[in-house]
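Colleague: So the protein lines, in turn, are chains Z and P.
To convert, take the position in the first sequence, counting from 1, and add 24; that gives the numbering used here.
To convert, take the position in the second sequence, counting from 1, and add 17; that gives the numbering used here.
Honestly, the hints are just simulated from the structure, not real lab data.
Far from chain P by the CB rule (all over 10 Å, computed), these chain Z residues:
{"id": "1", "residue": "Glu175"}
{"id": "2", "residue": "Met270"}
{"id": "3", "residue": "Gly333"}
{"id": "4", "residue": "Leu366"}
{"id": "5", "residue": "Asn372"}
{"id": "6", "residue": "Asn392"}
Reference listing, derived: stretches of chain P covered by chain Z, where coverage requires no fewer than 3 residues with Cβ under 8 Å from a Cβ of chain Z:
{"id": "7", "stretch": "19–26"}
{"id": "8", "stretch": "36–44"}
{"id": "9", "stretch": "123–136"}
{"id": "10", "stretch": "283–292"}
Simulated pairs of lysine-lysine, DSS-like, Cα-Cα distance not exceeding 30 Å:
{"id": "11", "chain 1": "Z", "residue 1": "Lys320", "chain 2": "Z", "residue 2": "Lys262"}
{"id": "12", "chain 1": "P", "residue 1": "Lys58", "chain 2": "Z", "residue 2": "Lys172"}
{"id": "13", "chain 1": "Z", "residue 1": "Lys132", "chain 2": "P", "residue 2": "Lys25"}
{"id": "14", "chain 1": "Z", "residue 1": "Lys172", "chain 2": "P", "residue 2": "Lys36"}
{"id": "15", "chain 1": "Z", "residue 1": "Lys310", "chain 2": "Z", "residue 2": "Lys417"}
{"id": "16", "chain 1": "Z", "residue 1": "Lys191", "chain 2": "P", "residue 2": "Lys50"}
Each residue gets a CB set at the ideal place from its N, CA and C atoms; glycine is no exception.
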Amino acid sequence: MNTAIEFENISKQYRLGLVSTQTLSHDLNRWWKTNILGKEDPYLKIGDVNDRATKGSSDYVWALKDINFKVDQGDVLGIIGKNGAGKSTLLKILSKVTAPSTGIIRAKGRIASLLEVGTGFHPEMTGRENIYMNGAIMGMTKAEITRKLDEIVDFSGVERYIDTPAKRYSSGMTVRLGFAIAAHLDPEILVVDEVLAVGDAEFQKKAIGKMQDVARGEGRTVLFVSHNMPAVQTLCTKGIILKNGMVSFSGGVHEAIKNYLDDSSYDTEQVNAQVKIINKALSISKLTINDLETNKIMFDYGENILKVGIEGEVEIPFNMSVEIMLYDDTETLVAMYSPTHLIGHTHNLKAGKYKIEENICFPSTLCNGDYYLSVRLSQMNIEHVAEINKLVKIIVNKNISPDTGVGFDKSYYGNFILNGK
Amino acid sequence: MEYTTEIKPKNKLFEVDFKEIWNYRDLFSLFVKRDIITQYKQTILGPSWFFIQPALTTIMYMVVFGGIAGISTDNLPEPMFYLAGIVCWQYFADCLNKTSSTFTTNQAIFGKVYFPRLIVPLSTVASNLVRMGIQLLLFIFVYIYYLIIGVKVAPNMYVLLLPFLIFILAGLSLGFGIIISSMTTKYRDLSILFTFIVSLWMYATPVIYPLSTMPANKQWIMALNPVTAVIEAFKYGTMGVGTFSWGMLSYSFGFMVVLMAIGIVVFNKVQRSFMDTV
Chain Z
25 MNTAIEFENI SKQYRLGLVS TQTLSHDLNR WWKTNILGKE DPYLKIGDVN DRATKGSSDY
85 VWALKDINFK VDQGDVLGII GKNGAGKSTL LKILSKVTAP STGIIRAKGR IASLLEVGTG
145 FHPEMTGREN IYMNGAIMGM TKAEITRKLD EIVDFSGVER YIDTPAKRYS SGMTVRLGFA
205 IAAHLDPEIL VVDEVLAVGD AEFQKKAIGK MQDVARGEGR TVLFVSHNMP AVQTLCTKGI
265 ILKNGMVSFS GGVHEAIKNY LDDSSYDTEQ VNAQVKIINK ALSISKLTIN DLETNKIMFD
325 YGENILKVGI EGEVEIPFNM SVEIMLYDDT ETLVAMYSPT HLIGHTHNLK AGKYKIEENI
385 CFPSTLCNGD YYLSVRLSQM NIEHVAEINK LVKIIVNKNI SPDTGVGFDK SYYGNFILNG
445 K
Chain P
18 MEYTTEIKPK NKLFEVDFKE IWNYRDLFSL FVKRDIITQY KQTILGPSWF FIQPALTTIM
78 YMVVFGGIAG ISTDNLPEPM FYLAGIVCWQ YFADCLNKTS STFTTNQAIF GKVYFPRLIV
138 PLSTVASNLV RMGIQLLLFI FVYIYYLIIG VKVAPNMYVL LLPFLIFILA GLSLGFGIII
198 SSMTTKYRDL SILFTFIVSL WMYATPVIYP LSTMPANKQW IMALNPVTAV IEAFKYGTMG
258 VGTFSWGMLS YSFGFMVVLM AIGIVVFNKV QRSFMDTV
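Kindly produce the complete structure, drawing on both the sequences and the hints.
Modeller: Here you go:
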């Protein structure tokens, strides 16, 4: 496979805090050491790991530290990570908006970046004028744009507004037009950062489709940054996880997402840590799964019954209904258990201590993968009282057909296997 | 397929990619067009503002400097004399003010996408040229009017230097502008000082008075200002008054060339990482 982009020891250092006389003295020192004495930059030797939540000792942080990886031609690479992990910095370096502190990137072909598309639009100019403007900013010639104008307008779906100044556009329309321009740029490498957030469902689908075409049909390389895991999963073939400015995982997209979500919500947190009380008249003191205080459970092949127990105290009587949601590892709702709506069952709690138990029956056809249970307590038809997010992680890994020995993995078969009659 | 792009921490000092700038020439022309058409959008008078601005300034100068202060105009009609100075100086000052804030005003777009940053100040200088051309028309109208009513003006061959004079003005403003812009991305102190300097600079340039009003032994101080020779040459060529010397003009030209060279090198160095400090 041909390598399209190669990142070699890419690091990026930033200075925290305000620009002041102290930064001036550092700058002068740096200038003296590097330009006059010909030594190395003294500030490149120091610097903390970029963890935004902890207090550090140095004024310098490494937004990126020793990033090394290669992207093959035709790959769609998803870059995932928490806020401040260095995703956008990486893309900014790749799109030459800012230079790296150390290291080198080698790439083949034209790089087009969609870092928040439509930001280059001039509000006073019409959509048509902005197409030319934006196209030219991204390196197209006038002739090229004229040739693709109809296609761009058509793809964007804002034809009616094309001769209206861009300031009259809705934010979604701006993104539509911006994306349409970039998508028709025909770059060898397309860099996309969180653009889909503003578009509506129809457009998101269209955009993802277009990116897939670009990658699969035309053999171009796409780098995609998003927090939208289902989008990453559908679009990407490979994934890397950035954590505190370093690559913590690199591989297939399914493993990457799994790894990331595992890491982001399940490292040390206790079951109780995810409880959100909305009505303060209720408290929760104990949560049990199958009578155990656990946050992980494995399912074998066959039907599985899960007993969810909630204990606590209420100050006033409640007519409580329980809803239990099953999410998959892309945080998509898979199924729901709602006895109130199914059979009209609620719990009549009197003031004082309470204990609720629900037995949920999971079908044998649930495919192999990771799932999460969340619970919502509500006072029937009045308000939500409490939410328990990610009460338990359910790992299904033994759904193997006894007849054929085939393992039903979620990434291939979906969430459920359908039975025949 | 070979690697076509290399992204490194630092470029060599004199590594300016002129070929890349040439490849983006369509962007340059679009920027120029944008600057011109968006300037007076949503105004009723529209492009006639191009005329109204210098006309009002001229009237104001006539009242303040001609009327109240009574400064000499070398025996020329006041409107003609002031307009000549204003057209030249305004071009220089407009270009300078705009190019000197290239990085700070364009940080939103510079932060999203890469293109050769030098395109922006270059297009500013070019779009102001159109504006200056229109104002030059106003000057010509006034000029013809005075010719008809029989005022004695003595245009001469040096008027053919006009394109060269404008070129020097453009180069000077671009050079100063991009140096200031590069120096003010991180420490803004200079930009505050600078707006103040530009407004004073006009008085150190023979815009509202002729160089000849200065005592002859002090004129060399004025001539250190590279803009002086250009404006004097303009007045000399079109109206036959003022001081013209090839020596002073070559000084201005030389000044411009050195300034541009320094400017482009500094700008090119700063543009690579200015997003981190702006």
